[in-house]
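Each residue of the sequence shown is one higher than the last, beginning at 2 in the numbering used here.
Honestly, the hints are just simulated from the structure, not real lab data.
Watch out, some of these pointers could steer you wrong.
[Unchecked claim] Each computed BS3-like pair below joins lysine-lysine, with the alpha-carbon atoms no more than 30 Å apart:
| # | residue 1 | residue 2 |
| --- | --- | --- |
| 1 | K245 | K394 |
| 2 | K373 | K245 |
| 3 | K373 | K394 |
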Amino acid sequence: MSHVLIIAVGSRGDVEPYTGVGAGLRAVGHRVTIAADREFEHLVTGTGLEFRPLWTQLSSKSGAVNETSQNYTRNGLFSRNGMDMIAAARQFIRETNINVAEIAADPSVDVVLFNGLGAAAYHVAQARGIPSVGLHLQPQLPTADFPPMVFGTSLGRLGIRAAWVAHRLTERSMFGNINEIRAQHGLPPTTYGATRREQAASAWPVLHGFSQYVVPRPREWRPGVEVVGYWWPSVPASWTPPEKLRRFLDAGPAPVFVGFGSADPGDAARVSGIVAGALRSVGRRGIIQTGWAGLAVEDDDVLTIGEVPHAWLFPRMAVVVHPGGAGTTAAGLRAGVPAVPVPMTGDHPFWAARLTALGVSPGPVPFKHLTKDRLADAIRAAVDEPRYERAAKSIAAKVATEDGAAEVAHVVERLDQRGVSRPAG
Numbered sequence: 002m003s004h005v006l007i008i009a010v011g012s013r014g015d016v017e018p019y020t021g022v023g024a025g026l027r028a029v030g031h032r033v034t035i036a037a038d039r040e041f042e043h044l045v046t047g048t049g050l051e052f053r054p055l056w057t058q059l060s061s062k063s064g065a066v067n068e069t070s071q072n073y074t075r076n077g078l079f080s081r082n083g084m085d086m087i088a089a090a091r092q093f094i095r096e097t098n099i100n101v102a103e104i105a106a107d108p109s110v111d112v113v114l115f116n117g118l119g120a121a122a123y124h125v126a127q128a129r130g131i132p133s134v135g136l137h138l139q140p141q142l143p144t145a146d147f148p149p150m151v152f153g154t155s156l157g158r159l160g161i162r163a164a165w166v167a168h169r170l171t172e173r174s175m176f177g178n179i180n181e182i183r184a185q186h187g188l189p190p191t192t193y194g195a196t197r198r199e200q201a202a203s204a205w206p207v208l209h210g211f212s213q214y215v216v217p218r219p220r221e222w223r224p225g226v227e228v229v230g231y232w233w234p235s236v237p238a239s240w241t242p243p244e245k246l247r248r249f250l251d252a253g254p255a256p257v258f259v260g261f262g263s264a265d266p267g268d269a270a271r272v273s274g275i276v277a278g279a280l281r282s283v284g285r286r287g288i289i290q291t292g293w294a295g296l297a298v299e300d301d302d303v304l305t306i307g308e309v310p311h312a313w314l315f316p317r318m319a320v321v322v323h324p325g326g327a328g329t330t331a332a333g334l335r336a337g338v339p340a341v342p343v344p345m346t347g348d349h350p351f352w353a354a355r356l357t358a359l360g361v362s363p364g365p366v367p368f369k370h371l372t373k374d375r376l377a378d379a380i381r382a383a384v385d386e387p388r389y390e391r392a393a394k395s396i397a398a399k400v401a402t403e404d405g406a407a408e409v410a411h412v413v414e415r416l417d418q419r420g421v422s423r424p425a426g
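Make the full structure from the sequences, and use the hints.
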């Protein structure tokens, strides 16, 4: 069997689903290594997979990228902070390309899988004559069905097309040092557009790890681009819930979960106060996950926790409140519980809109408009109106019929058998 390298650049939510992909590949006999931020080594090795650290650390809470991201969350993409965010992203991508290329060049690797920020691996795999596959948690190719993630959702047909054009121009501007990497590996220079055309002509595989029942595959996507089902994070066999958490859950009715994961809007004390006030207003118990935001609430009916697998926790909740990242959205849908999304940035507005359209949520409470009363009203509606729970359970039953990790394994095995020839230089 093959040595499969999975490159997962990003935060915890960008890494965890690939542990499920890795577990699926290992189950059919492959050796699997995941390359990610060193902060997540325990997530990978705890599931029995090999780990390679990235030295470009998107997860770091210190530094200019995180501060700029907080300002962008408050002020939007087209503000000065939004432009600073793009500039910081360009520098980060340049460094990441170098890092990814080094790891993908490992001669022991037979197949490379990577997410969006690992795109340099495509070129290194091409130079080495080994297969590669794009793995994405969000829709990545243009469609008339919805705009790119960062643009939200309410743009109209013409607005959606214009947004994709702008998105492609931004991606092209971040092609950066790819040709330097290609030259180091004996490949001729190329362009962003030529790479896209090359991938389309060869039906290069791009797999999306979400459910067709949540986001149907757009009809105009090219051959090779598929929606295969969610990639569920692999939970370490040794994990057991903290006794304090178990006692709290056993002591009363299902609580409301509130957690912002890897999103950090700043001002933890103010946000924690809003959450505490909303829970008191609706008279519900709460589980608060600290996350990067540093949330913490001290109350007899509220428990503040650290890392706990959502697959175990969410089925025990009455409703989940979260920004709307891909991974947390997926975990909530799998658990069959209503959601209150609090979108901040990135793909959050897209997934918040999907939760609302599916009838799982009464609607988003955008972070920039977050107040105690708005959050309380949304939680109250999600808990008290049975239609949200019915919709959530219906979607959970459909999602359970899919096996996204097995689909990735099938594609890898087909590519491994077929092989890839090195392009002429």
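Numbers of unmet hints, in rising order: Hint check: nothing fails, all pass.
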